[in-house]
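Novice: All chains, please: the whole structure from these sequences, using the hints.
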Amino acid sequence: MSKKYRIGQIVPSSNVTMETEIPAIFRSRETILPERFTFHSSRMRMKKVTKEELEAMDAMSLKCAQELSDAHVDVMGYACLVAIMSMGRGYHCVSEVNLHQETVANDFPTPIVTSAGALINGLKVLGAKKVSIITPYMRPLTDLVVDYIEHQGFEVIDSIALEIPDNLEVAAQDPINLLEIVKRLNIEGADVVVASACVQMPSLEAIDLMEKQIGKPVTSAAVCTTYEMMKKLGIEAKSAIGGTLLNGKY
1 MSKKYRIGQI
11 VPSSNVTMET
21 EIPAIFRSRE
31 TILPERFTFH
41 SSRMRMKKVT
51 KEELEAMDAM
61 SLKCAQELSD
71 AHVDVMGYAC
81 LVAIMSMGRG
91 YHCVSEVNLH
101 QETVANDFPT
111 PIVTSAGALI
121 NGLKVLGAKK
131 VSIITPYMRP
141 LTDLVVDYIE
151 HQGFEVIDSI
161 ALEIPDNLEV
171 AAQDPINLLE
181 IVKRLNIEGA
191 DVVVASACVQ
201 MPSLEAIDLM
211 EKQIGKPVTS
221 AAVCTTYEMM
231 KKLGIEAKSA
241 IGGTLLNGKY
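Counting from 1, one number per residue, gives the positions in the sequence shown under the numbering used here.
Heads up, some of the hints might be wrong.
With a straight-line cut-off of 27 Å between C-alpha atoms, the simulated DSSO-like cross-links for lysine-lysine are [said to hold, decoys possible]:
#1 Lys130 <-> Lys3
#2 Lys4 <-> Lys238
#3 Lys124 <-> Lys47
#4 Lys3 <-> Lys238
#5 Lys232 <-> Lys124
#6 Lys212 <-> Lys183
#7 Lys129 <-> Lys216
Derived by calculation from the structure, the hints in this document are not laboratory data.
Specialist: This is the structure:
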């Protein structure tokens, strides 16, 4: 019998994308590899993508970790990149330790992935030194994301901020529109393009198409999070979708 894994996600209450894109990548993996997966979420209140709401939401993450730990999930993902990055440089390391400690205290130690840390690790796996990114955030939050990424050792050549404050409106974006948006992005000299530096803005349908369009590796926060979850589970990080990071071309 194929081994089954429980995937836990700590999700902003208004996020509807991580519970579609991450399962889609894992389901795609199921078509080529034997492991099977179920998906389980706990939610933190957040409606508007502002620094104040993000900080208040982050404080709820520990309770969510406790709840998911009760379900004995095999890996746990914190599904909000900008919440982590808006808390200060390198905060993903702090968050991962704090969330893991909650699972230890609940007698079920669980590997932790933050989408912020996963994006950084994914860029490293892809060998990136220079990147260009697209975000749905307001410009001040996008600038925080750029600063965070650059503090981790990358050069951000260019960034597009779509400036959408309402989180449900972010989720309503058509991912195929990214194929036009990327034409406005300066990618000259970029090693990797981040189609969505946000786990709420859909991009999965566009990633393989964008790679063909621009001739460079393309990834997203959701793809990197899924990759990191697979690595934490100790299984082969591969999928039939998800661009260079997951389709075996790198």
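Novice: Against this structure, judge whether each hint is valid.
Specialist: Verification of the hints:
1. With a C-alpha separation of about 38 Å, the suggested pairing of Lys130 with Lys3 is violated against the 27 Å cut-off.
2. Only pairs whose Cα atoms come within 27 Å are accepted, and Lys4 paired with Lys238 is accepted, the gap being roughly 16 Å.
3. Among the hinted pairs, Lys124 with Lys47 is inconsistent with the structure: their alpha-carbon atoms are about 32 Å apart, more than 27 Å.
4. A C-alpha spacing of about 16 Å is found between Lys3 and Lys238, which places the hinted pair at or below 27 Å, so the restraint holds.
5. The hinted pair formed by Lys232 and Lys124 meets the criterion: a straight-line CA distance of about 16 Å does not exceed 27 Å.
6. For the hint pairing Lys212 with Lys183, the CA-to-CA distance comes to about 13 Å; that is within 27 Å, so the pair holds.
7. Distance hint between Lys129 and Lys216 is fulfilled; the C-alpha atoms sit about 13 Å from each other, no more than 27 Å.
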